[in-house]
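A.B. asks: The sequence shown maps to residues 1 to 184 in the UniProt record's numbering.
If you are wondering where the hints come from, they were derived from the structure by calculation, not from laboratory data.
If you're wondering where the values come from, they're calculated on a predicted model, not measured in any experiment.
One should not assume that every hint holds.
[What the hints assert, rightly or not] Derived Cβ-Cβ restraints for the label pairs, each shown as a range:
| hint | residue 1 | residue 2 | range |
| --- | --- | --- | --- |
| 1 | 69 | 23 | 28 to 36 Å |
| 2 | 179 | 131 | 39 to 47 Å |
| 3 | 114 | 142 | 28 to 36 Å |
[Unchecked claim] Cut-off 35 Å, straight-line C-alpha distance, at most; resulting in silico cross-link-like pairs (DSBU-like, lysine-lysine):
| hint | residue 1 | residue 2 |
| --- | --- | --- |
| 4 | 63 | 181 |
| 5 | 99 | 181 |
| 6 | 61 | 155 |
| 7 | 141 | 155 |
| 8 | 175 | 155 |
| 9 | 182 | 99 |
| 10 | 99 | 175 |
| 11 | 61 | 43 |
| 12 | 43 | 141 |
| 13 | 141 | 61 |
| 14 | 63 | 155 |
| 15 | 155 | 181 |
| 16 | 43 | 155 |
No residue lacks a Cβ here, since even glycine has one placed at the ideal position from N, Cα and C.
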Amino acid sequence: MPSSSPSPPPQASAPPERLLDHVLRAAAVVLTFIAAVVMGAAKEDLTPRNYFFGTSVTGPKIKSVNSAAFVYFIIANVLVLVYSIASLALSFVNRAASKGLELALSLADVVMLAFLFTSNGAASAIILVAAQGQARFFWTKFICSNASGFCASVKAAIVLSMFAAVAYLLLVFLKLLVLQKKSQ
1 MPSSSPSPPP
11 QASAPPERLL
21 DHVLRAAAVV
31 LTFIAAVVMG
41 AAKEDLTPRN
51 YFFGTSVTGP
61 KIKSVNSAAF
71 VYFIIANVLV
81 LVYSIASLAL
91 SFVNRAASKG
101 LELALSLADV
111 VMLAFLFTSN
121 GAASAIILVA
131 AQGQARFFWT
141 KFICSNASGF
151 CASVKAAIVL
161 SMFAAVAYLL
171 LVFLKLLVLQ
181 KKSQ
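I would like the entire structure built from these sequences, with the hints used as guidance.
C.D. replies: This is how it looks when you write it as structure tokens:
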């Protein structure tokens, strides 16, 4: 009869919620970083066309940092980026699942979600007016028709930031599901 040596205790694998939490936070890090960089780098020379003479004249440079809504977008995405890095590190360190830390992270996740949605809304409103104009105020479709690269960069940054907001929304839903599962 072979000697029965005690087998080592099975490794406790991380629950799937924990893995999903890490993946969503890592996605938010990448998405907010790229969104902030793309928005911060968005600039282009305006080249309005003189239809009377048929020439183009290089005008002023349009930059995202010249709009308060775009600056708010950049600041909010950088803030969420820094928080995402810190919360990802804390969630790796917090293997014991401290209830106090989990609650603090959950509340901060909701605040970060609010930052992302408000900054995306502000930037979307400005780029919509830049692309379509506003007839009531006699604002023409001047910006995006003359600086299409700038508008494309801004729209790309907004889309990336919206994906980060969806990641945070899923994080909030995940925390609610875990809380509901623990209460049963």
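A.B. asks: For this structure, which hints from the list above don't hold up?
C.D. replies: Result: hints 4, 15 break, sorted rising.
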